[in-house]
Amino acid sequence: MSALRIAGVRKRFGAQEVLKGIDLEVDSGEFLVLVGPSGCGKSTLLNIIAGLEAPGEGTVEIGSRLVNDVEPKDRDIAMVFQSYALYPTMTVRQNITFGMECRNVPKRAQDEAVERVSRLLQIDQLLHRKPSQLSGGQRQRVAMGRALVRDPTLFLFDEPLSNLDAKLRVEMRLEIKQLHRRIGATIVYVTHDQIEAMTMATRIAVMHQGEVQQFADPETIYNRPANLFVARFMGAPPMNCVSARVVSAGDGLAAVIGAGRPDAIQLPLSREAEAGAGAFKDRAVVLGIRPECIAEEDRRFGADERGSIAVEAPVEMTEPTGAETIVLMRLGGEQLLGRVSPDVRLPVGGNARFAVDARKLCLFDPATERLIA
Amino acid sequence: MAEAIRRQAPLSRWVIYAVLILFAAFYLVPLLVTVLNSVRTEQDIGSTSVVGWPRELALSNFGKAWGTYCIAQRCEGISPFMLNSIMMVVPATIISTLIGALNGYSIALWRFRGDNWVFGIITLGVFLPEQMKLVPWTLVLRDLGLSNTITALVFIHVIQGISFTTLFCRNYYVAIPPDLLKAAKIDGAGYFRIFWRIVLPLSPPILIVTVIWQFTHIWNEFLYGVTFTTGAQQPVTAALIALSVSVAEAPQYGVQSAAVLIAALPTLLVYLFGGKYFLRGLTAGAVK
Ligand SMILES: Nc1ncnc2c1ncn2[C@@H]1O[C@H](COP(=O)(O)OP(=O)(O)OP(=O)(O)O)[C@@H](O)[C@H]1O
Ligand SMILES: [Mg+2]
Numbered sequence: 001m002s003a004l005r006i007a008g009v010r011k012r013f014g015a016q017e018v019l020k021g022i023d024l025e026v027d028s029g030e031f032l033v034l035v036g037p038s039g040c041g042k043s044t045l046l047n048i049i050a051g052l053e054a055p056g057e058g059t060v061e062i063g064s065r066l067v068n069d070v071e072p073k074d075r076d077i078a079m080v081f082q083s084y085a086l087y088p089t090m091t092v093r094q095n096i097t098f099g100m101e102c103r104n105v106p107k108r109a110q111d112e113a114v115e116r117v118s119r120l121l122q123i124d125q126l127l128h129r130k131p132s133q134l135s136g137g138q139r140q141r142v143a144m145g146r147a148l149v150r151d152p153t154l155f156l157f158d159e160p161l162s163n164l165d166a167k168l169r170v171e172m173r174l175e176i177k178q179l180h181r182r183i184g185a186t187i188v189y190v191t192h193d194q195i196e197a198m199t200m201a202t203r204i205a206v207m208h209q210g211e212v213q214q215f216a217d218p219e220t221i222y223n224r225p226a227n228l229f230v231a232r233f234m235g236a237p238p239m240n241c242v243s244a245r246v247v248s249a250g251d252g253l254a255a256v257i258g259a260g261r262p263d264a265i266q267l268p269l270s271r272e273a274e275a276g277a278g279a280f281k282d283r284a285v286v287l288g289i290r291p292e293c294i295a296e297e298d299r300r301f302g303a304d305e306r307g308s309i310a311v312e313a314p315v316e317m318t319e320p321t322g323a324e325t326i327v328l329m330r331l332g333g334e335q336l337l338g339r340v341s342p343d344v345r346l347p348v349g350g351n352a353r354f355a356v357d358a359r360k361l362c363l364f365d366p367a368t369e370r371l372i373a
Numbered sequence: 001m002a003e004a005i006r007r008q009a010p011l012s013r014w015v016i017y018a019v020l021i022l023f024a025a026f027y028l029v030p031l032l033v034t035v036l037n038s039v040r041t042e043q044d045i046g047s048t049s050v051v052g053w054p055r056e057l058a059l060s061n062f063g064k065a066w067g068t069y070c071i072a073q074r075c076e077g078i079s080p081f082m083l084n085s086i087m088m089v090v091p092a093t094i095i096s097t098l099i100g101a102l103n104g105y106s107i108a109l110w111r112f113r114g115d116n117w118v119f120g121i122i123t124l125g126v127f128l129p130e131q132m133k134l135v136p137w138t139l140v141l142r143d144l145g146l147s148n149t150i151t152a153l154v155f156i157h158v159i160q161g162i163s164f165t166t167l168f169c170r171n172y173y174v175a176i177p178p179d180l181l182k183a184a185k186i187d188g189a190g191y192f193r194i195f196w197r198i199v200l201p202l203s204p205p206i207l208i209v210t211v212i213w214q215f216t217h218i219w220n221e222f223l224y225g226v227t228f229t230t231g232a233q234q235p236v237t238a239a240l241i242a243l244s245v246s247v248a249e250a251p252q253y254g255v256q257s258a259a260v261l262i263a264a265l266p267t268l269l270v271y272l273f274g275g276k277y278f279l280r281g282l283t284a285g286a287v288k
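Chains Z and P are the protein sequences, given in the same order.
Taking the numbering used here, the leading residue of the first sequence gets 1, the next gets one more, and so forth.
Taking the numbering used here, the leading residue of the second sequence gets 1, the next gets one more, and so forth.
Mixed in with the good hints, there may be bad ones.
Label-pair restraints from in silico Cβ distances [to be verified]: (1) Z:Arg181 x P:Val118: 29 to 35 Å; (2) P:Asn171 x Z:Glu219: 51 to 57 Å; (3) P:Phe112 x Z:Arg12: 17 to 23 Å; (4) Z:Asn104 x P:Val118: 29 to 35 Å; (5) P:Asn171 x Z:Ala367: 49 to 55 Å.
Treat the hints as calculated values from the structure; they're not laboratory data.
This one's a predicted model, so the numbers in the text were calculated from it and none came from an experiment.
We put the CB at the ideal spot given by N, CA and C, even for glycine.
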C-alpha cells in the first residue's frame, strides 16, 4: 500500500523556484531518505508533506487520501525537527502529552502512552525535567518521544541528528534504524549526510536544486548513479570522475584514460556496459570509478579473475585513516583516489602497482552528465 | 610614555566625575527641594525661603495632603484622586498589555496578508503627538456618552497604549523559533491554545517591561486627564494643578510638596522594585 504519494509538486518563494516538480511514491513500512546539499529544498518538501507549507502546484496523498486541503493536525503524521522544537516552558512529560491533550485523549491513555514511549527511549528518569536541563542527546530522544506517542501513517524527520556530536550521531542512527524495524512505521527522513542516507534508507531520493536527481534503493544509488551530481555527492571519498574515450578492444569495447598519452590506461567494459556505450564509440565520455575499485596489486575482486586489471601509477599522496589508506595517484594524466589496505607501504613520489576493478565502471555523457552505461 | 598616560588618567577621570556629578545635582535639585519642603512647616518656609533645610521635622504635611487639604472646594486631600488614578491605571495597564501581547503574537508568528502593513500602522501610533488626538477623542467620547468619566480615560489609554505594547511584544516574539509553532500545529493546537500554552508562558520578561512602561506612562499622563475630566473625576496628576491654583490664601508649599511626593510614590515604587526586571526584560531573549 502506498503511504505517501507526491505528484508534480512545485513551490516558489518570490522569484526563486525552490521545488521544480517533485514526484515520489513511498510504500507502507519504507524508510525514505531525502538527501541533498544545503538549500536544495528538502525541508520545504517535508513542510509541504506536513501541511505547514502549501505547494504552488501538485498533489500530496498520505495513506491514499488527498491531503492538499487537510490541516497538519489531521494528516495523521508526526514530525521531529532539526532544532527539536521542544516547548521550553513545559516538562518532558508535558511536551510528550501536549499533542494528546490537544486531541482530547483520555488521561489514562495519555499516561500509558508516556509510560510506553519513555521506556522505549529510556527517558523515564527525565519526565519531570525542563528541556533546558537536558543534554543534546536527551533532547533528541524527547523530540522522538513526542512523535512516537502517536501511531501515525507517516513519520517525518528533518535532520534530527545534525546537532549531535559524531559519536552520539552514530549511536542514534543505529537506534532509529532499530526503531524502524521494531515498529514498522513509514518514515521520511531528511538529511544532508550521505552516510546517514546510505545506512538507514530502504530508498533514497537525491535532491539538487529543487529536483529529484535519482530515486532508488541505496545500492543502485551507489553503484549506478543516474548522473554526475549523484556520483559525486554519494560516497566518501567521492567517486572518481575523469574524462575518457570509448574505443574498440578485441571483440568488445574499452574506456581509455589519457588516450594518446604514453601512460594511457585501458579499462575493458563489461558486456552490460557495452550496450549503452556503443553509441559513444570513439567519443569522449566521463568515466566514473569508485575509489574502492582501485586497490593494492594483489587484491582480487570477486571470483572472476578477469575483472581485475593491473596498472602502474605514480603515487602523489597518501592519507592513512587506520582502517585503510586513501591514496592519490595519477592515471593517464588524471588524478584519482584509491583505497588500499593499511599495511601496504606506498612510495610517495614513486611508482606503485595497483589492481583496478573494471566491473563497476560508470560512463556518463559529458554533455548531459547522465549515466549512459 | 606609559608613565605619562598613567599620570594623565586620574585627572581626566576626575573631570568626568565632576561633570557627571554636576549634571546629576542639576537633575536632582528639584526633587531634593520638594522632599525638604514636604517636611517643613509653613512658618519655616514663609520666614526663610523655599530653598532651605527644615528646622524641625513636620510630618503632618503628609497627613494633610492625603486627607484634609482643600482642592477645588472639597477638603478631602488628594486621596480621592489617587483612587481615581488607580481605578484608571490598573485596568488600562492590564487590558492594553494583554491586547499588545495578542497583537504581537499574531503579527510576529502568524503570516497573514498585509501583516507588515498592519504592524506599520499600529506602530505609527507611537509617533503621533497627544495634542493631535485631542479633538478626535472629544468627539468619540461625546458620541459614546463617556465624557468626564474614569472609564473614558481607561478607554483612551488602552487604545493609545496598544501601539507601544504591540511593538514591545512583537519584537520579543519574533525571536521565538518558527519550529515551535510548527510543532504545535502538528500537535493539533490552534491559535489561542498556542498563545496560552506556549507563547504566554515564555512572556514574563516582556510582560513585565510592558506593564512597567504602561503603568508609569498612564499614571504620569496629564494632558488627557485635565482635558477630559473635571472635578471629582480627575486623576491625581490633573488634580495637583487644581491644588496649586485653587489656593486663595498664602501658598502652602509644604503640603503641596507632600502631595506631589505622594502622587509620585507609585511610579517611584515601580522603579525601585521593577527597575531591574525592566532592564533585564529589555535584553532577554524569548528562548534560551
Ligand atoms: N519561507 C521562505 N521564504 C523564502 N525563501 C525560503 C523560505 N524557506 C526556504 N526558502 C529558500 O528555499 C530554499 C530551500 O530551502 P530549504 O530549507 O528547503 O533547504 P534545505 O534543503 O532544507 O537545506 P538545509 O539542508 O540547509 O536545511 C533555500 O534557498 C531557502 O533560502
Ligand atoms: Mg532543511
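Each hint, compared with the structure:
A C-beta distance of roughly 50 Å is found between Arg181 (chain Z) and Val118 (chain P), which places it outside the suggested range of 29 to 35 Å. In this structure, Asn171 (chain P) and Glu219 (chain Z) meet the distance hint of 51 to 57 Å, their C-beta atoms being roughly 52 Å apart. Our hint of 17 to 23 Å for Phe112 (chain P) and Arg12 (chain Z) holds, since their Cβ atoms are close to 19 Å apart. Between Asn104 (chain Z) and Val118 (chain P) the beta carbon distance is about 33 Å. The supplied range of 29 to 35 Å therefore holds.
Between Asn171 (chain P) and Ala367 (chain Z) the CB atoms are about 53 Å apart, so this pair conforms to the stated range of 49 to 55 Å.
Hint 1 from the earlier list is the only one contradicted by this structure; the remaining hints agree with it.
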